[in-house]
Amino acid sequence: MVNSSIYPVKAEVKSLNFYYGQVHALKNINLQIPEKKVVALIGPSGCGKTTLLRCFNRMHDLYPGHTYSGEIVLHPDEVNVLSKDVDPIEVRMRISMVFQKPNPFPKSIYENVAYGLRVRGIRRRSILDEHVERALRSAALWDEVKDRLHSMAFNLSGGQQQRLCIARALAIDPELILFDEPTSALDPIATAKIEELTNELKKEVSIIIVTHNMQQAARISDYTAFMYMGELIEYDETGKIFTKPSKKLTEEYITGHFG
Amino acid sequence: MDRVDHIVRRSRFFDAFFAVVGGLILVAVLIVLFVLIGDLFYRGFDRINWQFLTSFPSRFAERAGILSALVGSILVLIVTAVCSIPLGIAAGLYLEEYAPKNRLTALIEINISNLASVPSIIYGLMALGLFVYKLNLGQSILAAGLTLGLLVLPIVIVTTREAIRSVPQHIREAAFAVGATKWQVVRDHVLPYSSGGIMTGVIIALSRAIGETAPLVTIGALTFISFLPSPPLTPEPPFISFKWLMDPFAVLPIQMFNWISRPQEGFHVNAAAVGVVILIITLGMNAAAILIRWRFRRRIKW
Amino acid sequence: MMAEESRKSRPRFKKRSLLYSDSRFGRFRRWREKLIELLLFLSAFASVAITFMIGFILIVESIEFFKVVSIWEFLTDTEWTPLFAEPRYGILVLLSGTVVTSFVALAVAIPIGSIVAIYLSEYASSRVREAVKPVLELLSAVPTVVYGYFALLFITPLLQRLNDEIPGFNMLSAGLAMGIMIIPYVSSLSEDAMRAVPMYLREGSYAMGATRLQTALKVVFPAAFSGITAAYILAISRAVGETMIVAIAAGLQPNLTFNPLDSASTITSYIVQVTLGDLPHGSIGYQTIFAAGLTLMCVTLFFNVLGHYLRRRFREIY
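Chains as they are written, first to last, in my numbering: chain A, 1 to 259; chain B, 1 to 302; chain C, 1 to 318.
Just so you know, the hints here were simulated from the structure itself, not pulled from any lab data.
Glycine included, every Cβ here is placed at the ideal spot set by N, Cα and C.
Hints may contain errors.
[To be verified] Below, computed lysine-lysine pairings styled on DSS-like, alpha-carbon distance capped at 25 Å:
1) K247(A) <-> K202(A)
2) K34(C) <-> K182(B)
3) K84(A) <-> K134(B)
4) K107(A) <-> K101(B)
[Unchecked claim] Label-pair restraints from in silico Cβ distances:
5) S226(B) <-> L310(C): 26 to 34 Å
6) R124(A) <-> L35(C): 22 to 30 Å
7) D143(A) <-> V82(B): 25 to 33 Å
Taking the hints into account, I'd like the entire structure generated from these sequences.
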């Protein structure tokens with residue numbers, strides 16, 4: 001499964017197991033995330049792709065009864081983000097996330113984007129301004145909102161809200177961004193915009209995206225991981241997964257036999 | 001077939017009968033309540049004038065006023081608010097956002113729901129034993145404010161929890177995902193977005209405290225007091241004085257209670273007038289609470 | 001040039017090779033989080049401390065009382081004259097007043113409150129319901145001393161017009177005022193419980209040809225039983241613990257009677273009567289109010305425990 005073509009490596013998942021209480025949700029996952037590429041996680045509902053995604057920034061720590069074993073090593077400093085010695089807050093400062101449904105805070109557009117900086121104690125207006133503008137530009141939202149930065153984020157359309165959430169995730173200069181089905185609540189035009197955006201973003205940052213839409217995975221990702229029942233079935237370059245997968249199960253899934 | 005027809009007709013009749021009787025009883029309840037309140041206003045409203053609001057109690061009904069009781073109520077309410085609001089909100093936050101699911105948490109939760117149904121006079125007895133004698137606060141504004149603060153604490157806790165619960169989880173996750181700590185999530189998101197509901201609960205709790213009589217009788221509120229507590233602001237440095245906390249006091253409902261208990265008709269009019277003042281304050285606070293809840297609901301739609 | 005400038009303006013946190021678990025910033029933050037959590041926990045735990053203090057004060061003062069008066073005498077004597085030269089301490093006398101006034105109040109509040117709840121939940125249009133509920137809730141905010149005024153100066157004269165032998169202080173008018181006061185509690189909580197019954201249960205009943213009344217009484221009411229019980233229990237503890245109405249309208253003579261037209265003192269109004277006077281701290285008269293309070297606490301605690309038990313026993317599982 002370890003693919004020597006993946007270089008340089010941004011993050012490395014090593015024999016990761018995850019449990020929701022007694023339920024064994026992820027079974028011995030091994031995976032390498034390349035630097036500045038898009039990795040798609042696909043598979044039928046309940047296969048564990050979102051669970052795996054949420055391990056990267058330790059979202060599971062928010063709820064009792066969730067346990068990990070194994071490692072996720074972040075390069076180049078080789079820190080195991082799942083280690084008990086590592087503060088999950090600090091993991092989330094380096095690995096940010098965009099959720100399924102746009103979830104802006106009921107605050108102004110500016111404050112939404114600046115929030116990740118504010119929680120680190122950054123108050124200098126000039127630094128905030130600079131980061132907010134850069135994040136909004138990177139999220140292709142700047143031109144639409146630059147005249148109303150201080151109006152409520154709720155007044156934006158669904159697609160704009162999701163791009164705002166992307167800007168919020170970008171503002172903290174993350175090394176890795178996790179996308180959890182970011183377009184599932186959006187219309188096709190807004191979806192196309194976000195897909196375009198990921199192509200731009202990967203020049204700057206590594207991306208992992210969970211999607212239930214195989215066409216989307218094929219369109220935007222460089223590598224694709226197919227998961228089934230909590231196991232990683234196959235992981236390879238996207239082109240290879242969708243043209244000549246090496247596992248029978250993968251082929252059945254991408255040809256629409258189940259899922 | 002005849003029998004079925006009969007049964008259907010009979011049950012239809014009872015159904016229609018209840019619709020009428022239930023409606024009438026509901027209307028009757030509302031009428032009774034309005035008549036009682038209307039009667040109070042009818043008897044007391046005309047007595048409310050500047051003299052009534054700015055005079056001390058007197059042996060003569062027509063010269064008596066509620067100044068000391070009004071000031072006493074306000075000061076006691078300030079102490080109550082200072083004691084119950086931070087404590088209640090903090091407890092609600094802990095139980096909703098922090099508490100692990102264990103026996104201690106369960107104990108605290110059961111305990112709070114039991115405290116809510118402890119009769120208010122029991123709080124008065126506790127305050128009499130604890131604040132007045134054991135802690136030596138005497139029959140003071142401080143003792144009264146603390147008593148009412150503890151009495152309304154469960155209301156503040158319960159409404160705070162309800163308000164916090166209405167903040168959706170995905171907002172918390174969004175804040176955690178950019179590296180906020182638990183306290184930052186609470187301070188920057190949970191509290192601001194639930195502040196409408198919390199404020200509603202606080203106002204309802206304080207309106208309850210304004211009308212509360214029994215526990216203050218128990219700790220020894222005065223009914224005839226012809227001086228005001230020491231002023232909170234002084235001309236000499238440090239300009240702020242807390243001497244008033246230890247002063248004796250009267251409050252509005254106790255003034256009303258005292259006047260009801262007198263045989264003379266004139267004092268009954270005075271009692272009705274205080275009743276109107278108390279009702280205007282409590283119902284006004286409750287209406288404000290409903291208004292705040294409604295406005296916040298309109299402002300933030302999840 | 002451009003590149004250098006943008007690098008310069010980059011904030012410091014970008015320059016890092018390690019997660020800052022060991023940095024002073026991280027340590028300070030974690031320390032602050034722990035401290036805040038501790039403070040919040042102490043606030044929540046304060047409620048337990050309050051309960052403990054209530055129990056402690058009542059029991060400590062009552063122990064002093066029971067050193068002088070035996071529990072047997074306290075529970076069986078039929079006279080309550082603690083301030084007389086030959087004091088007698090029979091709590092039954094006060095208890096009878098509490099029972100009679102509460103009984104009158106509940107006889108008013110439970111049937112009427114339940115009917116109003118059924119009507120609002122099953123019959124009234126949503127517009128009527130939305131209009132009436134806030135009004136009822138507003139009325140439950142009326143202070144009890146105001147209800148005491150109603151009882152003494154409105155209800156009693158009304159009763160005396162019907163029957164001029166009724167004394168100026170009587171338990172009936174106190175009980176009636178209390179009943180009116182409690183109606184909103186019963187109707188509001190029962191209605192909430194009935195509205196929580198899912199629609200499909202009602203539809204099942206309607207599909208069998210039942211009328212609204214039959215559905216309400218045979219399906220919705222039983223399904224909401226635990227919530228309705230909670231409402232009734234709350235009504236009972238309100239009635240038993242109510243103080244000002246009885247202190248104002250029911251009279252202050254201890255009187256072992258079950259006739260609501262009599263004047264009698266209750267546990268709560270006795271406490272008010274004693275504390276209005278000047279009993280010296282530490283005297284036996286002073287201690288009687290704690291013994292009376294302990295009795296009251298036991299009664300309400302009994303109903304609370306009963307309520308918990310019933311709710312658990314009959315918890316609805318939809």
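Practice task
Could you tell me which of the hints above the structure violates, numbers in ascending order?
Solution key: 1, 3, 4, 5, 7
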